[in-house]
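Build the full structure now, drawing on both the sequences and the hints.
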Amino acid sequence: MKILALRGENLASLQSQFEIDFAGGRLGDAGLFAITGKTGAGKSTLLDAICLALYDRIPRLQSNKKNDAEIGRDDEDNRIKANDVRSILSRGKGEGFAEVDFVANDGSHWRAHWHVRRARGRAEGKIQAAEQWLENIETGQRFAGKKQELQAEIEKLIGLSFDQFRRAVMLPQGEFAAFLKAGADERAALLERMTGGEIYGRLSIAAHERAKDEKLKLTQLQGKLGDIALLTDEERDALNAQLATAREQVTSQQQKLEQLKQHQEVLVNTEKLTQRIGESEQQLVQAKQAQQLAAPRYLQLEKYEQALPARGDFTLLTQAQQQVTKWQQSLQSATTELTAKQQQQGQLQTSVEQSLQKLAQKQQAFNALEPKLKQAANIEQKRDGLQQQSTELQQQLAGLNKELTTQREQLASKQQQQQLAQSKQQQVASALAQTQGVKALAEQQNAIKDNISQFQQAQSQIAQLQTDIKQRETTLVSVTQQQIQFDKQLSALDQQKLQLTEQTAAHDLTALEQLQDQERQHYAAYQQLSSKLKESLFGLDKWHGLLQQRDKSQLTQQGLINSIATSEQRLAALAPELLQLDAQHKEVEFQLNQSRAVMSLTDYREQLVEGEACPLCGSETHPYQQHNPQVESIISQQQQRLQQLVKQLQDTNAEQRQLTQSITQDKQRQTELEQDIAGFNNTIQGLVNQQQCHWTDLMTVELDAITLAEITLSTDSDLAQLSHYQANWSQAVDDAKAQMLQIKEQGEQRKLLIEAVKKQQLQLQQLTKQEAELKEQCYLLTQQQTQAQEQFNAFTTQTNNLQNVIAERQQALMAIYGNDAWLNALAQQGKSGFIADLELQIQQYQTNIEQQQLLEKQLTELSPVLATLTNSVQHAEQQASDITSKVTHLAKEQQACWQQRVELVGEQPLDTIERSAKADIEAQQQQCQQLQTQLNQLAEVIAAELTKQQNATQQLAESETEQQKLQQVWQAWLEKLALTEAELTALLSKDEAWLQQERTELKQLEQAVSQGETIVKERQQAQVDYQPTVELAKQWFSEHNISDDTSIQQQLFSQWQTEKSQLDDQVFQLRQRLDLGEQAEKQAGDLRSALASQQTQTELWMEMSDLIGSATGNKFRTLAQGLTLQQLVINANEHLHDLAPRYALQPVPGSPLALQVIDHDMGDEVRSVESLSGGESFLVSLSLALALASLAADTRQLGSLFIDEGFGTLDPDSLEMALACLDALQADGRQIGVISHVGTLVERIGVQVAVEAQGGGRSNIAIKG
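Counting along the sequence shown from 1, when you hit position 16 you're at 16 in full-length UniProt numbering, and nothing is skipped either side.
One should not assume that every hint holds.
[Unchecked claim] Listed next, the in silico DSS-like pairs over lysine-lysine satisfying Cα-Cα at most 30 Å (straight line):
1) Lys948 <-> Lys341
2) Lys965 <-> Lys1003
3) Lys272 <-> Lys261
4) Lys224 <-> Lys212
5) Lys759 <-> Lys497
6) Lys759 <-> Lys744
7) Lys751 <-> Lys532
8) Lys372 <-> Lys362
9) Lys215 <-> Lys758
10) Lys224 <-> Lys737
11) Lys326 <-> Lys341
12) Lys212 <-> Lys759
13) Lys261 <-> Lys488
14) Lys918 <-> Lys488
15) Lys288 <-> Lys948
16) Lys497 <-> Lys751
17) Lys1003 <-> Lys1034
18) Lys892 <-> Lys382
19) Lys1034 <-> Lys647
20) Lys759 <-> Lys382
21) Lys224 <-> Lys552
22) Lys759 <-> Lys775
23) Lys759 <-> Lys217
24) Lys272 <-> Lys256
25) Lys542 <-> Lys737
26) Lys147 <-> Lys81
27) Lys744 <-> Lys758
28) Lys217 <-> Lys552
29) Lys382 <-> Lys918
30) Lys146 <-> Lys81
31) Lys372 <-> Lys358
32) Lys758 <-> Lys497
Don't read these hints as lab results, they were simulated from the structure.
As structure tokens, then:
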């Protein structure tokens, strides 16, 4: 992977668009280049831009930081998190981007682009979400996918995650410098962050928590198993017996309740029958009363039928009356309308004459106005010419005034510039007079900086060396005290070892463990036997239940066989009964139809008229016209008989269907029972086969405490044999439990003894290990004491040499300044403040010189410009005065013309006056025409109204004649029917629907009486038929000494129902206890299996926790970090060999995260990292950073490396060595960028990417070299 180019815009201080081509131009030819610039100019922003384009992240902003504050001005509502990468957008800019071209691991060329903008591209808009895209430069095809998918594709192409990239490409030597100086606690956190080893701590915590969870689960399972209560065989048998007895009592009680309820329903039905008879008799009386009340309606219906022929004449008379009324109204309306129109005609004639007079007057007035309009037009033309001349002069005057204003402003501006330049010239001259001494300092600026740097560096090194000397003195004292303490500890350890050796010799651990293993085997054998016995007992219980179910099914099967035989006999007897009933039904139905045929002439009888001949028989008397009692009586009897036969036939058919269905169901149930019995036999046979295996295993058991009887069970065994073996095996289970309990108690005591012996042996081993460690520490202390003494001597020599350097640099600076004022300033301000103040003084002096020259040039150029502007202003003012006089004269002439025009026609425009006069004439002409048109139209309407009046008079006369004729016919009908006009009109107003409804309702009254009589007879007969059933019910109540009182019977029913509920509850409780016992057995088995599985799982995770687990995560983290640091030191020493061959790194024994330095020039002396100088620390941290890059990725595949700062601490020789090492790296094909502002480094590296600060927080980028 290699970075080819970087582009960006509006990123922090880099606001101008820039492009850095790493593969072409001077950077492409140079393998090593520098990124230079002042502090804050934006050097590190270039590295941020690379990370943004590739990963949408910035190394110095932690993306996973929680609860980060939102930043922004108080009046802004679009704040963002402080760690949001979008905050890199330059303030006041609407959008920015970063873009990187790179070569992937497979050699393909890609372009990654990152872009951020504000809403609508405006600087005050709300910042939007960042966007990214990835494009293949060779094909131009963009990668399509979501943001996460795009990141995954980039990591795949580069071969590095973000953390790996920033460790492998952007070397974090600064973090390693902090790592070398950090304390023990901080060192672990720094190494974890740099190497990405956070996962080991999380794994350690996870292993610890998982082991704790698994142990808790095991404890919970053990508690659950101990809480389960199992039923004994005696308890189970007693519960089964109680359950059978309770079920029999429930059945008996249910039968008593059903009988009581059945007989109660008989008495209730008797009362209902009596009540229904009374209701039907009442309904019959009501129907007869309604028929009597309807007698007037019968009479009215008869009159209606007599008057029906007069309906046609009545309709014609009504229509004639309506026509007369209609034409009378039309005649009256036409007369009224004609009178109104004639009055309107007279008014319109007057209006027409008045309108013609007004038209003549307006025409005469327009003829007098026309000459005046022509004269006024000539005056206006002259006035317009004068106005045009005045306008041209005013425009000329306005342009001249504008130009004059501009010239005056320019003159004032130039005069102000002249005054300001003269004032500044005086200030600069004064400042230069005060800073004449700075001129000498400016000439020797570099020498002063070098001397100050060496002076400060020597003082800093002396302070560090004095600290080191004090540390070595403290170390020597501490080492001596520790040696004394270690001698005491070794003596105490010898005494403890002697005591533990005597205690462990008293017990034979091997013999104890062998005995423990034998007892475990015996316990397992008893446990296996108990499990097999329980399985066999469970099989016997199931066998017992199957035998009971099979016997019950056989009894049920025999009952079904008897029921089927009885039903078939009854079904055979019903066949002839059905044939006989069917024949009787057909006969009675035929007779009923014959009688109904006679009664079907009723409708014709109603049309017969007394005194007129019958069209069928010719008789003039009609005795059966109204009623035929004999025929109706016969039909009523036939209907009752037919209903009885229909009911019998329906009952018999229903019984036949019920018997057929019952036989089918019973046979189906019989088949099911046969299948159930066969299934029971098969299951029993399977249980026997299954139990044979258990019995074989049980008989082979050879345990002294357990004796089993010979097993002789088979499929023909009865319940007594099963009970015998159940009792024998239950006793064997109890014996096995007792033996297991005894073995368990002895084993626990023996286990405690074994653990105690092992603990003593472990303590003895630990003491031996502690003794060896103490001896090793004593040896190391001796070495440390020697090393500390040698370092003390070396540091003293270095301090003396540095004192000489300080004296030389101080003498040189005194020669430059001429006094020791610089020393006080350096002490007060420090090196950086002193140098900054020096640079500021020099910069101000140079700025004043340049400003003085610029002001002199500016004043020289202003003098001729001021003279020219003064002459131009005076000439323009004279021209403006002449033009103003001409404009005033033209205004007076215009006013005189306007006065003449007003005297002729007024102030209105001439076109408006002429249009207004012509419009009045046209409007008057239109009004005359409209009035004449209305007068003509009204004359036509009057003619039409006259015609309409004449027509209405003629039609009225004809309608009155027709009405008189029909009135005579109507009077004849009134006389014939002997009715008044109101009565006949009321009858004929009723329509055909009323007739049909009246006939239907009267017929319904007759049918209601007939049906009421039939219902009364049927219900009385039903009461007689139900009486034997009532007697049986009363007899049952008498036999059981139960009162006829309904409330007492209901109390007794409630009492029996309560007793049954109690028995049901007892059955439910017994069944529930048995079910709970079975569930407990099953649950106990499941828990034992789960307990064994959980025991294995718990032991696994407890062992894992012992190896790597800890609550804080330190155990596995420390182990992994130690191994990582070892590999890191190996790789770092390879780079350190090139950078500083004098030194090598080495982990401190006994402290896996601490480092020490081997000094080859001092006989491989061991030094602490704190004793290294600033330059040496940088070289060591650089080697560690290069080593970390090797661990993060194969650096032979990385074509780009960036090193940020740190070179300023190196002396010239070390700097030259570091650069030579970097040259060697870039010679292998890598391109290395060094970020620094050290002048020597910049001079040593030929090509630089210069980040130049422009002021105002802006910087530009330039390629130099």
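These are the hints, each one checked on the structure:
no. : hint                : verdict
1   : Lys948 <-> Lys341   : holds (14 Å)
2   : Lys965 <-> Lys1003  : violated (41 Å)
3   : Lys272 <-> Lys261   : holds (16 Å)
4   : Lys224 <-> Lys212   : holds (18 Å)
5   : Lys759 <-> Lys497   : holds (13 Å)
6   : Lys759 <-> Lys744   : holds (22 Å)
7   : Lys751 <-> Lys532   : holds (28 Å)
8   : Lys372 <-> Lys362   : holds (17 Å)
9   : Lys215 <-> Lys758   : holds (23 Å)
10  : Lys224 <-> Lys737   : holds (19 Å)
11  : Lys326 <-> Lys341   : holds (23 Å)
12  : Lys212 <-> Lys759   : holds (23 Å)
13  : Lys261 <-> Lys488   : violated (103 Å)
14  : Lys918 <-> Lys488   : violated (140 Å)
15  : Lys288 <-> Lys948   : violated (66 Å)
16  : Lys497 <-> Lys751   : holds (24 Å)
17  : Lys1003 <-> Lys1034 : violated (46 Å)
18  : Lys892 <-> Lys382   : holds (13 Å)
19  : Lys1034 <-> Lys647  : holds (28 Å)
20  : Lys759 <-> Lys382   : violated (136 Å)
21  : Lys224 <-> Lys552   : violated (39 Å)
22  : Lys759 <-> Lys775   : holds (24 Å)
23  : Lys759 <-> Lys217   : holds (28 Å)
24  : Lys272 <-> Lys256   : holds (24 Å)
25  : Lys542 <-> Lys737   : holds (23 Å)
26  : Lys147 <-> Lys81    : holds (20 Å)
27  : Lys744 <-> Lys758   : holds (21 Å)
28  : Lys217 <-> Lys552   : violated (47 Å)
29  : Lys382 <-> Lys918   : holds (26 Å)
30  : Lys146 <-> Lys81    : holds (23 Å)
31  : Lys372 <-> Lys358   : holds (23 Å)
32  : Lys758 <-> Lys497   : holds (15 Å)
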